[in-house]
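Colleague: Whenever a hint applies, use it, and build me the whole structure from the sequences.
Numbers 1 to 355, taken from the UniProt record's numbering, label the letters of the sequence shown in order.
Because the hints were derived from the structure by calculation, they are not lab data. Among the hints, erroneous ones may be present.
Here are the computed distance ranges between Cβ atoms for each label pair [as the list claims (entries may be wrong)]: (1) Leu136 / Trp58: 18 to 28 Å; (2) Phe221 / Ala277: 18 to 28 Å; (3) Ile160 / Pro245: 33 to 43 Å.
Beta carbons are placed, not taken as given, at the ideal position from N, Cα and C, and that holds for glycine.
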Amino acid sequence: MNGSTINGTAGNSTAVRAGDTLRMALTVVSTLLMCFVMLALGCSVCLDRILQHLKRPWAGLTVGFVCQFGVMPLAAFALARGLRLGSAEASAVLILGCCPGGLASNLISYWLDGDMDLSISMTIVSTILGLGMMPLCLYIYSRSWLDDTTFVIPYNTIGITLALLVIPVILGMLLRHKCPVHACRMLKLGTVVGSLVLVVTAVLGIISYNSLQNMSMHIWFIAAALPLIGFLLGYVLAMLFRQPPFRCRTISVETGAQSIHLCSGVLQISFPPEQLALMFSFPIAYSVFQLVYAILMITGYKIYKRQRKVQVSVDQEAVAPSLVSYREGHRKQTTAGHDGADAGASEIAADKTRP
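Modeller: In structure tokens form, the structure reads like this:
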């Protein structure tokens, strides 16, 4: 009896150590890959355009701020209260809703042909503002069901995340300035690698956290609804502020795609270990639905873009014959109206130069 108990305890300890090792390895690898991907995305950024966004924040950054720290926390609070979640589950939902954007938003914006200068500017600015806005939003919305819980904001994690955003982006901009050809290659490689990282991270998260099987249907519903609400309301608000379509796509993605890493950090240092297994499952489920919506949006946009190109080419082919006939008729009338061949030749030459 004692031997079996000891063997069972040893087996559990080995499983726990293996799980911790897997999570540590996943964290290190994902951090290194994040730096590489941000370096690649920095190759698509122009310093002058970033400065323009900072000098004129109402053209994009202000809209993004309203969506990031206005729409998402309110939507998370409304869903948690409406479905009457318990305090632990509601805390996970609210914390994720109050987090700024992350790497995923930049990658999705790139594949949707968004404004990359605005996307990276919004990510950096929202991360900086998150130092104050996250505690404020959590204080406002959590008092209705968490009177005795104090959320601990991981300022060290936010600072490290900010450094991992800014430094690689600056290096990418320098690479674009010095070696544009290599910067273009780096951008293509980095976006492909980053997309694979998002998929692999989501799969490993599902594998490493078995608590997803114990999630209630309410939590699954919120994990599916919250990113969709962010994407839709972000796009609608950007349209109401009369932003062009490519910026509307950018603001939409920056609103709905949250920083899962930062949410996990807040949960880990704010709650006891016995609650973390259940609470960690929500950010993992959110990342899965976030990825699914991103794939659907990118696929739909690429199909729309291809059909639009085909339609434009068809329209050009339809216009071309009439344009040719017009030029031919105009050329004959001009030639008949002039006695000399030189006058006709000069008119034909002038006609060929018209746009």
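Colleague: Need the list of violated hint numbers for this structure, in ascending order.
Modeller: Violated hints: none at all, because every hint is consistent with the structure.
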